[in-house]
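Undergrad: Given the sequences, and given the hints that come with them, work out the whole structure.
So the chains spell out like this:
There are 2 protein chains.
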Amino acid sequence: MATARSTRSDVSKQILEHATRLFAAHGFVGASLRDIAKAVGIRKPSLLYHYPSKDELRRRVLEQMLAHWNETVPRLLKAATSGQEQFEAIATETVNFFVADPDRARLLLREMLDRPDEMRPLVEAHVQPWTKIMCDYITKGREQGRVHADIDPEIYVAHMINLVVCGVAMLDTFAALTPGGGAPDQHAATQRHVKELLRVARAALFIDPALRLDAEFESPSSPSK
Amino acid sequence: MATARSTRSDVSKQILEHATRLFAAHGFVGASLRDIAKAVGIRKPSLLYHYPSKDELRRRVLEQMLAHWNETVPRLLKAATSGQEQFEAIATETVNFFVADPDRARLLLREMLDRPDEMRPLVEAHVQPWTKIMCDYITKGREQGRVHADIDPEIYVAHMINLVVCGVAMLDTFAALTPGGGAPDQHAATQRHVKELLRVARAALFIDPALRLDAEFESPSSPSK
DNA sequence: GCATTTGTCTACCACTCGGTAGACGAGTGT
DNA sequence: ACACTCGTCTACCGAGTGGTAGACAAATGC
Numbered sequence: 001m002a003t004a005r006s007t008r009s010d011v012s013k014q015i016l017e018h019a020t021r022l023f024a025a026h027g028f029v030g031a032s033l034r035d036i037a038k039a040v041g042i043r044k045p046s047l048l049y050h051y052p053s054k055d056e057l058r059r060r061v062l063e064q065m066l067a068h069w070n071e072t073v074p075r076l077l078k079a080a081t082s083g084q085e086q087f088e089a090i091a092t093e094t095v096n097f098f099v100a101d102p103d104r105a106r107l108l109l110r111e112m113l114d115r116p117d118e119m120r121p122l123v124e125a126h127v128q129p130w131t132k133i134m135c136d137y138i139t140k141g142r143e144q145g146r147v148h149a150d151i152d153p154e155i156y157v158a159h160m161i162n163l164v165v166c167g168v169a170m171l172d173t174f175a176a177l178t179p180g181g182g183a184p185d186q187h188a189a190t191q192r193h194v195k196e197l198l199r200v201a202r203a204a205l206f207i208d209p210a211l212r213l214d215a216e217f218e219s220p221s222s223p224s225k
Numbered sequence: 001m002a003t004a005r006s007t008r009s010d011v012s013k014q015i016l017e018h019a020t021r022l023f024a025a026h027g028f029v030g031a032s033l034r035d036i037a038k039a040v041g042i043r044k045p046s047l048l049y050h051y052p053s054k055d056e057l058r059r060r061v062l063e064q065m066l067a068h069w070n071e072t073v074p075r076l077l078k079a080a081t082s083g084q085e086q087f088e089a090i091a092t093e094t095v096n097f098f099v100a101d102p103d104r105a106r107l108l109l110r111e112m113l114d115r116p117d118e119m120r121p122l123v124e125a126h127v128q129p130w131t132k133i134m135c136d137y138i139t140k141g142r143e144q145g146r147v148h149a150d151i152d153p154e155i156y157v158a159h160m161i162n163l164v165v166c167g168v169a170m171l172d173t174f175a176a177l178t179p180g181g182g183a184p185d186q187h188a189a190t191q192r193h194v195k196e197l198l199r200v201a202r203a204a205l206f207i208d209p210a211l212r213l214d215a216e217f218e219s220p221s222s223p224s225k
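Here the protein sequences line up with chains X and C, keeping their order.
Quick note on this note's numbering: the first sequence kicks off at 1 and runs consecutively.
Quick note on this note's numbering: the second sequence kicks off at 1 and runs consecutively.
It cannot be assumed that every hint is accurate.
Each pair may be met inside one copy or between any two copies, as identical chains are not told apart.
[Said to hold, decoys possible] Keeping only pairs whose Cα atoms sit at most 30 Å apart, straight-line, the calculated DSS-like set for lysine-lysine is:
1. K195 / K13
2. K38 / K13
3. K54 / K44
4. K195 / K132
5. K44 / K195
6. K195 / K78
7. K13 / K44
8. K38 / K54
9. K13 / K54
10. K78 / K140
For the record, the hints were derived by calculation from the structure and aren't laboratory data.
TA: So, in structure tokens, the structure goes:
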């Protein structure tokens, strides 16, 4: 009755993980069922026993990623009370969600390119609650003169999501080619790019630094510089 | 001797155009030679007569796009004299280049996802002169206190290029889902998103609006709003 | 006028794709 | 002990892939 030690649900999960990775790396058409099965260590018909078709597997991969999103973000948001805290929580947690596994960003990006008509309502439904919070907050800030008057909240939010998703999708590429920092290891370079994503998102909002929502720009971890 | 009225170079060009469009829409593996040939109105072997292999066709498509870039941007840059004018010219012209044909952005994005190791040096070589101008200008602005001290010029430029390329690649999708503006037609929505791209790129740079390089934010075409 | 080049075509190739049929063995319930 | 389910396998299928061989017709060169 209980799941045997290394049977169904375990293999299904492995398939899902490798499928996510390979779809993200090579695209849906570029990653074959044989490749995925080989990565898992089984044969293709065994894979099709767990997921009846490649397209169904694709849907499950997406579904799983969005489920992760839905269980991660609300938890983080609960702690936030003020509008500013909510805004910051959504922004940082969105970045963290994708940075934690850049394949999510690459997968999402590829699907948006390959199947925009299918993905648009799907994504819209999943981000709508959070974009609404951010839009309301921006609108309020705009009325109070804290946020630049030219900003259309929805357009801003759309482009910031795009900035984050695409920025994370390209993180490895970016981190590989930043020579100037003096930080030779990949991880530090990645960290700087992540910080830049958040910085741009904040900076794009405000008309006057004295009126910024956060008291001061997040200083580098060592305040010497 | 001269090219016949509708022969070789003409067909080759048509192949290149349709290949660009289909690679951008469906990816390299997702667009078959038969599809491309059918779009042109010929059969597959005829296509392979003009381009000896699919991979060679891909290289030529990329090469053509980068050639367009190389002949477009320097022309625009020649008119600019001051550092600020150069900066503005590069930024706006980069946006215009991709907006003029969003397939360029989609193609570039897909290739960066599919073949990052091949694309990184290729892109780097083509954008290096322009990013250097922008980086130098930002560095100068930073020393003069006009630009935020946290900004690493190279990281900023990398993310702004990413913002523009990915933003334009998603333009149609974004324009389709912006309900709030009251501008029902697609073109107006696109224009607003393009404007947002440039606005973010500028806003992310400056620490104080009084010190912004452009005297004031570009107001909407009708100054009423 | 005739040979040659140019560009397209039909027919075919080996290969890979997603998906199916059915054998087989290990457990499991009774 | 036996029937049955579960999960995997080998073998195969039709369809579609990139690419090739060679026939053929229209220009082109001389």
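Undergrad: Checking against the hints above, which ones are violated?
TA: Result: hints 1, 5 break, sorted rising.
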